[in-house]
Each structure stands twice: as structure tokens, then as C-alpha cells.
Amino acid sequence: MRRGMRQLARMAQRSPGRAGPLARVADRMPSGQGPRWLRAVLFIAAVMYPLVFGTGGITQLLEQIFTFGALAMSYDLLLGYTGILSFGHAMFFGTGAYAVAIGLNQGDGRLEGLLVGLAAGIAGSLVLSGIVAFLSLRVREAYFAMITLAVGQVLGVLAGSQALRAVTNAGDGLTVPVPDLLSGNLTLYDMCLALLALTAWALGRLVHSPVGDVLAAIRENAARAKSLGHPVVRFQTFVFAVSGVIATLAGAAFALAQSFVNTTVYDVAGVSLNVLLMVVIGGAGTLYGGLLGAALLLTAQTWFASVAGGAPWLREYMLAFGILYIVVVRFMPKGILGAFLHRRGHGRWRKSSDCKTSQI
Amino acid sequence: MSVALTLLLNGLANSALYFLMASGLTLIFGLLRVVNFAHGGFFVWGAYTGTFLASALHNLAASIAGGAAVGVLLGWLVERGLMRRLYGDATQQLLITMGVLMVLSELVRLIFGPNPISAPAPTSLGRSWVVNGVPLVAYEGFVILFGAAVFAILQGVLRGTRLGALIRAGVSNPELLAARGIPVRRVFTAVFAIGAGLAALAGGLSGPWFGAVTPDMGMDMQLTAFVIVVLGGLGSVGGSLLGSLVVGITTAIVSYFAPSLAVLAGVVVMALVLVVRPHGLMGQREVA
Amino acid sequence: MPEALEMRDVVANIGEYRILDGVRLAVPEGSVTVMLGRNGAGKTTTLRTIMGFVPCLNGTVRLFGDSLAGLPPHRIARLGVGYVPEDANVFPNLTVAENLRLALPRAHGRAQAEEAVEQVLGLFPDLRQAYRRWAGHLSGGQRQMLAIASVLVSQPRVMLIDEPSKGLSPRFVDLLGEVIAQLRGRTTVLLVEQNLRLAAVAGERFTLLDEGRTVMEGPMEELLENTALQQRYLGVRVRERGN
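As given, the protein sequences belong to chains A, B and C, one line each in that order.
Residues in the first sequence are numbered from 1 upward in steps of one, following our numbering.
Residues in the second sequence are numbered from 361 upward in steps of one, following our numbering.
Residues in the third sequence are numbered from 649 upward in steps of one, following our numbering.
The set of hints was computed from the structure by calculation and includes no laboratory data.
Among these hints, one or two may not hold up.
SDA-like cross-link-like pairs, simulated, lysine to any residue; straight-line CA separation at most 20 Å [what the hints assert, rightly or not]:
{"hint": "1", "chain 1": "A", "residue 1": "LYS226", "chain 2": "B", "residue 2": "LEU442"}
{"hint": "2", "chain 1": "A", "residue 1": "LYS226", "chain 2": "C", "residue 2": "GLY663"}
{"hint": "3", "chain 1": "A", "residue 1": "LYS226", "chain 2": "A", "residue 2": "ALA320"}
According to the in silico footprint, chain C covers these stretches of chain B (three or more CB under 8 Å from chain C) [said to hold, decoys possible]:
{"hint": "4", "region": "536-542"}
{"hint": "5", "region": "603-611"}
Residues from chain B shown here face chain C by an in silico Cβ test under 10 Å; the list is partial [claimed, not checked]:
{"hint": "6", "residue": "HIS418"}
{"hint": "7", "residue": "ARG522"}
{"hint": "8", "residue": "ASN533"}
{"hint": "9", "residue": "ARG637"}
We put the beta carbon where it would ideally sit given N, CA and C, even for glycine.
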């Protein structure tokens with residue numbers, strides 16, 4: 001993976017046109033990282049919280065926020081930084097979750113089982129991203145959304161099918177025996193936080209590297225980037241693979257933290273669209289927007305679930321979710337962080353809508 | 361032999377329903393350049409409206425027409441209310457249509473409940489015969505003929521009318537159409553509403569075909585329709601017919617021999633076709 | 649009496665790039681005015697701004713005195729501006745007949761429509777023979793004729809024609825010159841043309857664009873006599889094209 005990245009970075013540096021208009025586009029890349037001290041304070045607060053207040057309901061919510069935050073950031077790499085739209089990010093998340101769950105079940109909860117499962121999950125995700133990218137990216141972007149949706153659905157159906165009951169326990173789901181090394185609420189909490197921190201660090205490095213500049217160029221105008229000699233499909237495939245691997249890790253962490261896995265990890269609305277909405281609410285192309293969106297949505301979902309008993313209409317969470325989704329996409333396409341950065345004059349979501357598109 | 365014929369008829373009826381879905385999807389894409397994820401939502405509303413009207417009126421024609429009318433209305437509302445301002449931003453449109461699918465499916469769940477509702481075929485079409493060991497079901501024949509008729513009408517409209525010429529012109533070059541003084545947006549609205557109507561029509565027909573309607577049938581049908589248009593080539597009505605036939609018959613065969621693999625069949629066929637022909641069976645290469 | 653088409657200090661961007669920065673233009677009714685300029689001078693963008701495809705950020709665009717600012721392209725077309733783009737100017741998946749009839753408003757009676765088409769076919773005998781063929785199967789020259797003809801059927805008050813001679817054989821360029829010369833008096837034409845020979849045959853007036861600005865306009869002869877001007881703004885190579 002690192003070698004591949006370096007290769008792409010070299011490619012990006014050698015690619016023509018870097019000093020041209022594309023470089024200017026890259027300069028205007030949204031930078032959603034915020035000041036370094038803010039990130040440090042948040043990180044320390046997250047580490048300290050369970051030590052001060054103990055583990056419980058809130059830390060469980062935080063674990064979810066960390067894993068989904070990492071998932072959302074990986075998704076933002078696709079949507080916000082490269083401008084490709086997937087409706088099937090659950091295919092990686094679910095694969096990671098199931099791989100770890102199966103590995104641990106087959107390995108009787110030993111650490112080797114976890115490692116083998118994780119390795120198999122990552123390998124599987126790489127293969128999966130390669131196949132999906134090969135099938136859809138070389139034709140046209142509209143295919144990508146459809147094919148990712150279809151593949152995600154198929155994997156979900158497979159995970160719940162009776163034919164695979166011996167491995168996946170079909171629709172009943174798997175209990176995940178957590179290895180001793182990771183057992184304990186605090187350890188699992190720290191693991192989720194570590195995953196999030198690593199994801200943020202790695203993705204921050206990536207999007208601010210020369211590769212990130214090329215990705216911005218592809219997002220702004222894929223045809224132009226191609227005509228300038230950038231291997232567009234190769235970059236997109238690479239991004240899809242990176243994003244897939246991170247999502248796989250997030251799924252694995254989720255499975256461990258919940259110590260239970262069922263077909264909902266492949267759910268279109270529950271994972272793929274959920275994470276999409278997190279990124280759009282927080283602000284696509286801002287990296288930390290996904291984390292913000294994850295925090296907001298998961299908190300809201302937990303609240304919904306806790307008060308739903310008293311007010312039956314609140315059970316219609318999915319309806320509210322759908323309406324919120326439309327409203328956000330329609331009226332707040334930049335998201336919270338995006339709008340904030342935009343006001344400061346250097347953020348933007350995708351291309352500006354000007355006369356490039358005809359006014360028919 | 362009789363099994364083969366049975367499966368063929370079964371497959372053709374599947375294909376007819378799929379074609380109604382896929383042709384609308386492909387027309388909308390051809391003209392508006394939008395992959396319409398809301399299509400499954402129109403389908404599910406057509407199915408529930410049809411089933412509801414059938415139980416109230418006991419009249420097949422009225423219930424199917426009612427379902428289609430609801431579809432046209434919804435399509436019109438979605439295009440005018442949500443899509444219209446977003447032309448030129450494909451990503452945002454894609455996202456919006458997905459939201460519409462969610463909301464439409466959830467509304468159905470809210471109104472009619474999450475459980476399947478049985479949708480019997482009307483008595484006039486409930487009959488069946490066995491000829492040389494091949495069971496012939498009246499409703500099956502009806503669906504096949506209906507699909508064939510819609511295909512013929514669509515071709516007739518596209519080839520022989522002014523609206524058809526406008527649609528074909530819009531598919532090839534919407535800007536030039538505007539330059540010729542045609543309000544292209546109105547053609548967009550018309551096509552979106554017609555496509556939605558076709559999807560709802562498929563929904564209305566599929567209730568009695570599957571025997572029941574469920575809130576999730578929209579998403580399932582949506583996926584199948586995607587597989588078909590990708591397979592046939594986005595934007596081509598002929599391609600969506602071919603794709604519908606391939607997927608419809610494959611689904612019938614696979615679900616006879618290995619029911620649990622039926623979902624996989626379409627996706628696998630699509631993947632195989634895309635490996636050989638990246639633009640689908642009848643799709644045209646284009647700079648996208 | 650207002651000019652058929654008038655632009656004043658027009659400014660327009662494509663993306664974040666300023667393409668037009670002070671275009672002025674006066675096309676008298678019934679005349680053929682040729683717009684010349686180097687590649688990238690903003691000629692096509694000028695036409696697209698008139699049509700409403702590119703928003704005009706500043707300045708005025710007037711058709712017989714009425715402002716076109718902010719109108720959508722189809723409204724501008726209906727006000728009587730016919731636009732023949734440089735590329736993709738016919739619908740290849742429609743027949744010649746369908747292409748010709750597309751622009752006729754539905755209010756036109758059938759008989760009236762036939763008459764309008766008949767009249768235009770009189771100008772383009774080639775098209776009459778290809779009447780039932782797909783437009784995509786026509787030769788480059790025929791396609792150019794069809795593009796002009798299918799705009800002409802709706803009897804526009806002003807026609808904008810973008811580099812019709814591009815890629816055509818000299819025979820067709822001459823034919824095109826004749827056709828455009830015949831338009832003189834029937835309608836008003838703003839012709840973008842790099843081919844000086846065609847410009848000289850067809851045009852009465854010229855307007856010269858450079859880097860998004862109008863640098864000069866006047867009677868055609870003025871440009872034809874002034875070789876220094878030609879060399880400075882058009883380059884020598886332009887004269888050789890089409891010969």
C-alpha cells in the first residue's frame with residue numbers, strides 16, 4: 001500500500017500541468033482540519049473522558065461515533081476529495097465486521113483468529129474494490145453509484161442467506177468473542193479512538209500530498225485532468241481501495257466494540273446512506289466534516305431510540321432520516337463545516353455552478 | 361421441455377415488468393443525464409395504489425390506471441419541486457433521487473404497515489390451463505402482452521410523433537434543442553413524469569404477479585432495473601428491452617433451480633457483460 | 649431605428665476565466681456582418697452570450713432594441729434569433745425531415761409548415777434528395793447546409809452562424825458563400841468566419857475581436873484593403889486556409 005502511494009505521489013509530481021490552472025484549483029482545497037491545538041484538545045478530552053467519568057452509555061455512543069467517524073472520513077475521501085459517489089460503502093464496512101466476527105468465531109476468540117480475519121477482510125476488500133472499480137469506473141461515473149449499490153445489496157443478501165449459515169449464522173447474526181488482549185470496555189474504547197486518530201492522520205497526510213492535488217483536479221474536472229495526462233481511473237481506483245481498507249478497519253472495530261454482527265452492517269440505509277448523510281451534513285471535502293456529521297447523527301439516533309417509547313411517531317426514524325437527507329442535500333450542500341469554511345473564503349464543495357453548464 | 365416452456369413464459373412475464381421499469385429509467389437518463397434512484401419509489405407507489413384500488417373497486421383497468429396516474433403525478437412533483445433547480449450538478453441530483461426513494465418507501469411503510477399485503481389477480485385473469493404439461497396462467501399472458509404493447513407504443517411515440525422527435529433530439533443534444541426555441545425543461549418534465557408513470561404501471565402489474573406488495577419491493581426492483589440498464593446500455597430503449605429479456609429469463613431459470621441465488625444471477629450477468637462490453641450490450645461510447 | 653443586434657461593453661466568464669471583456673457590436677438589419685479574430689478571441693462565446701447560454705455579466709445585448717439579458721435560450725430563439733453552432737449543429741439521430749420541422753412552432757398549421765420547409769428546400773436542393781435520410785449519415789457539407797436550413801425554416805430575424813466553412817472542401821465553401829449571400833436582405837446575419845475568402849464573398853461589414861475585446865469594425869472593404877490589420881489580428885496563415 002505505501003509503495004503504491006509513493007508511486008502515485010511520484011506520478012502526481014511528474015504529471016504535467018501542475019503549475020497550471022490545476023495547481024490553482026488545488027490551492028483552494030478546503031481545509032477542514034482546524035487549528036492543531038483544537039484537534040489536540042479534543043483528542044486529549046476523548047482519552048480522558050472514560051478515565052474521569054468511567055465507561056457506560058456515553059462511551060458506547062462515543063465508540064460508535066469514533067468508528068462511524070473513521071468510516072465517514074474514508075467516505076469523504078471518495079465523495080468530497082475525488083468526487084465519486086458510492087451508494088455501497090457498507091460493502092467494506094460489512095466485510096470488515098464479518099471477517100473479524102468469522103475469524104474470531106472460527107478461532108475461538110484467540111488473537112490469531114482476529115488477525116487472520118482482519119487480513120482476510122482487508123484482502124477481500126481490496127479485491128472487491130478492484131472488481132467494482134474495473135467494472136464501473138472506466139465507463140462512466142453514473143455506473144459507479146449503481147454498481148456499488150448492487151454489490152452492497154448482494155453481499156448483504158449473501159450474509160443473510162441460509163446457504164452460508166454454517167459461517168455467518170444467516171439472519172441471526174454472530175456473537176463476537178473478543179480476544180483477551182482487547183477485552184474490557186476501556187481497551188475497546190481506546191481501540192476505536194486510536195483507529196479514528198490514525199485514520200484522521202493518514203487521510204490528512206494523503207489529501208495534502210501531491211496525490212491530493214491530483215484528486216482535487218479530478219473532482220473539479222475529470223476530463224481536463226485526463227487531458228492533462230493524469231491517469232484518472234488509476235487514481236480513482238487507488239482512492240477507492242484506500243477508502244475501502246479504512247472502512248474495513250472501521251467495520252472490524254465496530255464488530256469488536258458491539259461484540260455482535262448481523263446483516264445490518266451491510267444495510268444500505270443504515271450504513272451506506274447513513275455515512276453519506278454524515279459526510280454531507282458535516283461538509284463533504286472537509287475531512288473532519290464526516291466526524292462532525294457522525295457525532296450529530298448518532299447522537300440524534302440514540303436520542304430518537306430512547307424517547308421513541310413515549311412518542312410512537314418517533315419510531316418513524318427512517319422517514320425523518322429520508323426527509324432530513326433531502327433537505328440537507330437540497331439546501332445545505334456544503335454541510336456545516338463546508339459552509340463555515342466557505343464563509344471564511346476558502347472552502348468549496350465540488351465544482352462551482354457557473355456557465356460551464358449550459359443554462360437550458 | 362415443458363419445464364423449459366414454463367420457465368420461458370415466466371421469464372417473459374418478468375421481462376415485461378422489468379422493461380416497464382427500465383425503459384423509463386433509460387429514457388430519463390438519456391435526456392436528463394440523471395440516474396433516477398427514485399424510480400423504485402414510483403414503482404412501489406404504483407403497486408400499493410393498484411392493490412388498494414383493486415380491493416376497493418375490483419376493476420383491473422381502473423386500478424392499474426390509477427397506479428400509473430399516481431406515478432405520473434409523483435414524477436411531475438419530484439421533477440418540478442426538487443430536480444429542476446439542480447440540473448448541471450449530477451451528484452446532487454443522484455443524492456436527491458436516493459432520498460426520494462427512501463421517503464416514498466417509508467411513507468408506504470407508514471401508511472400500509474411493514475408487512476406484505478396480498479394482491480390477488482382479478483378473477484377474470486385468475487384462470488389457468490394446462491396444455492401438454494405446460495401450465496398457462498392467464499395473468500402471465502396478460503403481463504407479457506401488456507409489456508409488448510407498451511414497447512410498441514413507446515417505439516411508435518418515439519419514431520412517429522413530434523414529442524418523440526423532441527425526446528430523441530433532447531437525448532442527442534439538449535442545448536441545440538433549446539437553441540431551436542424548444543423549452544427543453546418542459547420536455548424534461550414530461551419525460552420524467554412519463555418514466556415515473558411507466559414505473560408505477562410496472563408496480564400496479566407486479567402486485568398480482570408476485571401475489572403481494574411490500575414496502576421493500578421498490579429497492580429490489582430498482583436494483584434489478586439498474587442491472588438491466590447497465591447491461592443493455594444506459595439511454596437505449598432497445599437495450600433496455602434486450603436487458604430485460606436477458607435478466608427476466610435468467611431470473612426465472614435461476615430461481616427455479618436455486619432460489620437463493622436469484623439475486624446474484626442478475627448482478628453476475630451484468631458483471632460478465634461489462635467485462636466484455638463496458639458500455640453495455642447496446643450502449644454507445646461517449647465522453648462522460 | 650434600432651440595430652437588429654446590438655452589444656455594448658459585454659463582459660462574460662466561462663468558469664472563472666474572463667472570456668469577453670468589452671465586446672461591442674452593431675449589426676444593421678438585413679446585413680451580413682462577419683466577426684473575425686484569432687482562435688480564443690471570444691467569437692463563439694460572443695454568440696453563446698447572445699443566445700443566453702453564457703450569462704452576460706455586464707453590458708447590454710439588444711435585439712431590435714429589446715434587451716435579451718437574463719432570458720433563457722429558448723425564449724431568445726423564439727424572439728427570432730437563430731443559432732447555428734460550429735459543431736453538433738444537427739440532430740444525427742433524427743431524419744433530415746425531422747430536423748427541419750423541429751423548430752416549427754406547433755401553432756404553425758400543417759400546410760404552413762410544409763410551405764416553410766418547401767421554401768427552404770428550394771435553397772438547398774441537396775437536402776431535398778436526402779429528405780428521408782438520417783442526418784448523421786450526411787456528408788460534412790450537407791450537414792452544414794441542413795444546420796442552416798433547419799434554423800432558416802423558422803424565419804429568424806437574426807441568424808448567428810459559427811464558422812460554417814470549418815473542415816469543408818473549397819467547393820462547399822463557395823456554395824456556402826452563395827447561400828449566405830442569398831440570405832442578405834431576407835434576414836440579418838452575424839457570421840463568425842476565419843476564412844477571409846468566404847468572409848469577403850458573404851460579408852458587408854466586419855467586426856474584429858481580440859482577447860475578448862472588439863478592436864475594430866467597419867465595412868468589409870476596409871479590412872480587405874488593410875493587410876497590416878489582417879496580419880496583426882488574423883495572422884497570415886488565415887488567408888491561406890480554404891484555398
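Now for the hints, and whether the structure bears them out:
no. : hint                    : verdict
1   : LYS226(A) <-> LEU442(B) : 32 Å, violated
2   : LYS226(A) <-> GLY663(C) : 18 Å, holds
3   : LYS226(A) <-> ALA320(A) : 41 Å, violated
4   : 536-542                 : holds (count 7)
5   : 603-611                 : violated (count 0)
6   : HIS418                  : 41 Å, violated
7   : ARG522                  : 7 Å, holds
8   : ASN533                  : 6 Å, holds
9   : ARG637                  : 21 Å, violated
Comparing the model with each numbered hint stated earlier shows that hints 1, 3, 5, 6, 9 do not hold.
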